[in-house]
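Q: Residue numbers (my numbering), protein chains in the order written: chain A, 1 to 330; chain B, 331 to 995.
Fair warning: there could be bad hints in the mix.
[As the list claims (entries may be wrong)] Here are the simulated lysine to any residue pairs, SDA-like style, with alpha carbons at most 25 Å apart: (1) K994(B) x I254(A); (2) K76(A) x R951(B); (3) K938(B) x G75(A); (4) K833(B) x P319(A); (5) K328(A) x A726(B); (6) K102(A) x K938(B); (7) K43(A) x R6(A); (8) K164(A) x N135(A); (9) K102(A) x K833(B); (10) K563(B) x D315(A); (11) K938(B) x I67(A).
Just so you know, the hints here were simulated from the structure itself, not pulled from any lab data.
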Amino acid sequence: MQEVMRDKLVAKAKELLTGGVVTRVLGWKRGEFCYDLTPGIFKSADELDKEFDFGDFAAPNLSKYLIDETRKEDGKVAVFMKPCDTYSFNQLLTEHRIDREKVYVIGVPCEGMIDNKKLSAAADGIKNVAVDYENVVVETLWDGNVTVPRESVLAERCLNCKSKKHVALDELVGYEDEITECNRFDEVARLEAMTPEERFEFWQGELSRCIRCNACRDVCPACTCEKCVFDNPSSGVESKAPSDSFEEKMFHIIRAFHVTGRCTDCGECSRVCPQNIPLHLLNRKFIKDINELWGEYQAGAEVGSRAPLVNYTFDDMEPSEAVERGDKNA
Amino acid sequence: MQRIGVFVCHCGTNIAGTVDVVAVAEALKNEPGVVHSAEYQYMCSQAGQDLIKAAIKEHNLSGIVVCSCSPRMHEATFRKTAAAAGLNPYMVEIANIREQCSWIHKDMASGTEKAIILGKAAIAKVNLNTPLTPGESPVTKRALVIGGGIAGIQTALDIADAGFPVDIVETKPTIGGKMAQLDKTFPTLDCAACILTPKMVDVAQNEKIRIFSYSEVVDVRGFVGNFDVTIKKRARYVKEDICTGCGLCTEKCPQKKVPNEFNLGMDNRRAIYIPFAQAVPKVATIDADYCTMLKTGKCGVCAKVCTAGAIDYEAKDEFIEEKYGAVVVATGFNPISMDKFDEFAYNQSKDVITSLEFERLTNAAGPTAGKLLRPSDGEHPHTIVFVQCVGSRCEACAEKGKEYCSKICCMYTAKHAMLTRDKYPDTDVYVFYIDVRTPGKAFDEFYRRAVEEYGVHYIKGMVGKVSPEGNKLKVQASDLIAGKQLHIDADLVVLAAAIEPDKSARGLATMLTASMDTNDFFTEAHPKLRPVESPTAGVFLSGTCQGPKDIPETVSQAGAAASKVIGLLCKDKLTGNPCVAQSDEMMCNGCSSCERVCPYGAITYSDKEFRMPDRTTKIRRVASVNPAVCQGCGACTVACPSGAMDLNGFKNNQIMAEVDAICKM
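Please model the complete structure; the sequences and the hints are all you need to start from.
A: Here is the structure:
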């Protein structure tokens, strides 16, 4: 259930296109299935009418697509962003990946997105979906209408929503909201409380399912290198499917290190993983550590902020403190 | 393919004692690229170097690996050797099989195994080495001395004497430092002020020296020969160039209750003050924490009495930016706080004092005008107990105190004891000590005079407890030689507090990227052979910021630091380090991570046009490194998320090759 409806967004997009404010609109497009919305570029009112969609499945974070889109041609791009997407957008601005002048950000409030993997597990043969605040009614091919509580199929990142406030904005469609209190680190704390053996087993179980499809990397708004180290033949670590249990973990752990301090915890990695690996937990562990060692830091909360790992202040903790803490956690 | 020569050094028995050097040379023979492998007694000797040169020529070597001591010892030697034989000096790699191998291994088998691994890693790296050529950078012919105590003063005078301009930055309103607070100096008992103040005047009169008093260094950028320093001149609310130092304001100021830090709080000064009579610069300073005018806007007495019109209540902190070729750290020391030493009742009784406070009590310019009187009641003390090593030579695990010997306490305590007995022969003086340490010219003679001629009671043993009772201090101590407990009713107890580096040193070390030891003393480039240089090029050490020292030692170190600075400033150009960072523009994504972490400001960004495979062009923001400014610290290479930054001489693939070579074992 979204407060703001598709038609309102289409109207806004048309207004910007016809008014000449922007030359194209980056939004969500109907996919193969009703629960499958994909990013799309719209250049005319006609295209918007036919293909634009918004609703409880508008999960994709569109900020990363702006890198290429803004470089393609002149003129501004209008983009729709949910609150959490704006953090990624700010982070990309911090890293000079997007020219802010070329973007018109339209904020869209978000009531939480439905995880289509959870939904698929709850109902087979999904034909259509109707959502209200309490329930999701799924029209199915074989079982008639199946009703499930909305909360049971909400995406994990939405259940643990860190902010309903847009941190970057040119215009807001709908209402303004606040940064939310959340318990997103509880699951990390649970893993931390494990013995090293238990933790290893947990991650071995998760990461051994990885098929190295690279979807997590491709969707990640922090993974924007011109040439990824995992695609670079001269890096010596280029590979496809992992060949042993070490490589299974290496890819994800190195990726988590690469995005440390830059990851906004948008959760796209876990959303797109076809193997249901909770990849966001790796990133959250790093965020939790940073918060604990150097004070609260939210990547993307403001443009130009410096992550503690690439900054120095006189009251930074001494490296020995981190070592001692590591010993305690081991 | 490289043609690599391997040279394994015995270093006498330093290496050969725990490493089978012949086996190492033999094992490394078959590594990829190696065409020659030899061992020799002393590779760094002339004969050893000749052997290397001959091999380079005979085998037409393109790179060499020397398995020897730390590169900090002889890397420069072997690079010169290689250059003399026509090889690029950066084709030399050192495998440290001494400090990191033979010295820490006890048995031959494991030592040899590790030496072979280290050799293989170095060979793997040399296989990927490329010849490098250093650039040059100019030298700013001006020096900065941080700290205006005797160390800073002597260094500045010596540098200025050689004709180079020097700036002294001192946090206090006057230069002079701790020495200005002392009474007499051991072992000759000449008055500290009598020998220090002429030097302070010399500094003030020297045309080459500028003094930034009441100032601090807040930012340092750049590198050897080219430091950019920001100095914060704190507002003293008195115009330095107008104030005549007449002192009228300091007599008329109605705010009389300000603890006088120059006398360690044993008396009071006014809110506007001149620390002491011979202060340099001799100008007044308003203490903003106490000045009624600055706090409430009501007073203005000093401005009224100042005939020169030097008072300026509107003054603001000033920031001065200056370039320097060399920086000398002379930040000095402080006695440690006695808060954790409750057993000596320092915080319970005014009559338990530190030795520095004792100096002020016996100083003619001190709170008692030089008369030795008890702080509590102003009576003459008849029994004085001196306690040595308070906070010095503590056990490493102790929660309080320092592990090291503060070095100066034995001598100044002997001095205090002797002077007391000399002036007040009716006074009983006890000194409790762990050891009496008197190495130094005429030092032991001095101490023996205290014992033999002046009748000071030296007792080996420590004071366990001091308890104030009435107007007495009950001192409980042990006499280790007699093997008995002692109880002394003392009138005054003097604690020889350990000394520690000034608190400002740590922040400064960070700004200068100079290293410190665990006690926050600055580390020297080499403890024996380069004692006045910091490992950071262009940063020099003077005085107690490097370790505990007495005045003669401080002055000689100050002079030594000056001579090093002069040696640097004499040069017109410095040969740079070719191991600088480089950005691969094809991989750079323009994120600015490197630019932000670069301590030298060596990285800039620009928009560049790139041709794409599909014949289009694309404008991308990419980083470039100014090799003249880059110091090769490598911070950017680890900050770069794309792996676009690499460090010449320490390229990622070279490091990976080393790691691989080690992991293959």
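Q: All hints, please: hold or fail.
A: Comparing the hints with the structure gives:
1. K994(B) x I254(A): 21 Å, holds
2. K76(A) x R951(B): 19 Å, holds
3. K938(B) x G75(A): 20 Å, holds
4. K833(B) x P319(A): This hinted pair holds, its Cα atoms lying about 20 Å apart.
5. K328(A) x A726(B): 22 Å, holds
6. K102(A) x K938(B): 19 Å, holds
7. K43(A) x R6(A): Judged against 25 Å, a Cα distance of about 17 Å means the pair holds.
8. K164(A) x N135(A): 21 Å, holds
9. K102(A) x K833(B): Distance ~50 Å between K102(A) and K833(B) Cα, so the pair is violated.
10. K563(B) x D315(A): 23 Å, holds
11. K938(B) x I67(A): Between K938(B) and I67(A) the Cα gap is close to 16 Å, so the pair holds against 25 Å.
Hint 9 from the earlier list is the only one contradicted by this structure; the remaining hints agree with it.
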